[in-house]
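Novice: In case you want the letters, here they are:
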Amino acid sequence: MNWSEFFNMGGYAFFVWTSYALTLIVVMANIISPIMQRKKVISRIKRAIKREQLQKQNSVK
Amino acid sequence: MWNWIQRFSSPKYFYAMSAALIPWFAISALLIGVYGLYLGLFVAPTDYQQGESYRIIFVHVPAAWMSLFIYMVMAISAGIGLIWQIRLADMVAAASAPIGASFTFLALVTGMLWGKPMWGAYWVWDARLTSELILLFLYFGYMALQSAIEDQRSADKASGLLAIVGVVNIPIIHYSVEWWNTLHQGATVTKFDKPSMHIDMLIPLLLMAVAFKLFYAAVVLVRTRNEALYRDRNRRWVRELIERM
Amino acid sequence: MFNAFSHLLIRDLRLALRNRHELANPLIFFVLVVSLFPLAVTPTPDALRAMAPGVIWVSALLAVLLSLDRLFKQDYEDGSLDQLMLSPNPLMILVLAKVLAHWLLTGLPLVIIAPLLGLFMSLPMEAVNVLIYSLLLGTPVLSLVGAIGVSLTVAVNRGGVLLSLIILPLYIPILIFGANAVDVAADGMPVRGQLLFLGAVLALALSLAPLATAVALRITASR
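Residue numbers (this note's numbering), protein chains in the order written: chain G, 1 to 61; chain L, 1 to 245; chain C, 1 to 223.
Next up, chain G with everything else stripped away, as it sits in the complex:
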């Protein structure tokens, strides 16, 4: 099979390739989302640590 036949998928190109594209999108989303979630959680905790340190400093004064 040559390349143009392959891409055409017997006339079903749109259906087959959209399916695989959507699969790629879902896979990517499942990779990116947890990574972003992790960054968000870590930055939240860091900010909370900072806030508590400031409060401690303020209460010492």
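It is worth saying that the hints were derived from the structure and are not from the lab. You may find that some hints are simply not true.
Said to hold, decoys possible - Here are the simulated DSBU-like cross-link-like pairs (lysine-lysine), alpha carbons at most 30 angstroms apart as the crow flies:
1. Lys-56/G to Lys-12/L
2. Lys-12/L to Lys-46/G
3. Lys-12/L to Lys-116/L
4. Lys-213/L to Lys-12/L
5. Lys-50/G to Lys-116/L
6. Lys-39/G to Lys-12/L
Said to hold, decoys possible - One side of the interface only, derived from the structure: several residues of chain G facing chain L at Cβ under 7 angstroms:
7. Met-9
8. Thr-23
9. Pro-34
Given the structure is predicted, the values throughout are model-derived calculations rather than measurements. Beta carbons: idealized from backbone N, C-alpha and C, even for Gly.
With chain G's structure known, arrange chains L and C on it following the hints.
Specialist: Frame of chain G; chains L and C shown alone:
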């Protein structure tokens, strides 16, 4: 032995141990997935009935299997969390839900894209698609209940109970929808069932299924680690960890 | 234990009957919604007969869904729910009493008025009979399974839509078999299988739903 379980199921221990596992799952998922895709797209022969469009099954069927598999894992973890009060199990359940929902969505849209060339319509109320749709609702219900309750423990228990009730219902729903569907079948026979699977088609299908499951393992580990960090955010092990970052 | 069951049942019935006008709401809703459909389409008898089983069943479902709130809300707000949970009697039995009260007040009226709606929708007589049987078997399940959902969401603000999202997927098998029973009865075909399925689901719900509801109530109360 109980001590052993308690030690292994502490979020802190889990967090430390899981870091090493993730790359293994991710890379094996990638390799097996690529190989499966190669076999599916290039090596598997053309179907004499469906032409090239049948190749969608290499993502549609594994996605559908994933949607059910993840729901099972979710319900079992939630059950473990509910019965034995193991927080890590609740975290795994909460982490699994969005992953499962996304694969249910994928199963639905790929099913629709497969249906159009087969039956001429994007959506037909066949047993498989309808069951997947209901499964998506079950996932949404779980996630909605989780986010609606503020207290984490209550939220986990409540949504865990819902997941278990859902699991009991899945066979009932599946049977009902199948039965309902046999009544309304027109002249076209449903081709979503795979009566004759050539071995050259079966192997890539199974490989993709395995790849998806390994992928899920990697993703759920990352998500569960995030849950552990967030839920234990006021505990010392997390604070020390973050300060070292 | 049976004493507690009957006392709770009578109490709930008595409390509900004090607000008699509120009781009518699900019933009126049921009739109203079914009546909307003939108004929305060309009401030829054939068209109505074709959509009747689905329309009546879905409307019954929604009417029960809307009425579920009354099952635990009042008790949650005035503290009687906590009292019930402290009772030495098994919570499952008490839940069963409340669900029975709920069904008597909500589901049973729907069953009684259903023949009238069958008439509205041009259902033949055999189908109306089956409609009554299917609703008789189905509405208790709706109350039982609904109780699980309400007990999970009673403490959530504006939990009504959340309740629907949780419960409706679980209602689907009952809807499928209930509506189908009426459908095939209209064609004069046997309905034994469908009704047996509904009976089986009722038996399953009777045994499991009160347990799940009791667990859910304890989860809700522990907040």
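Novice: Okay, which hints does this one fail, numbers in order?
Specialist: 3 and 5
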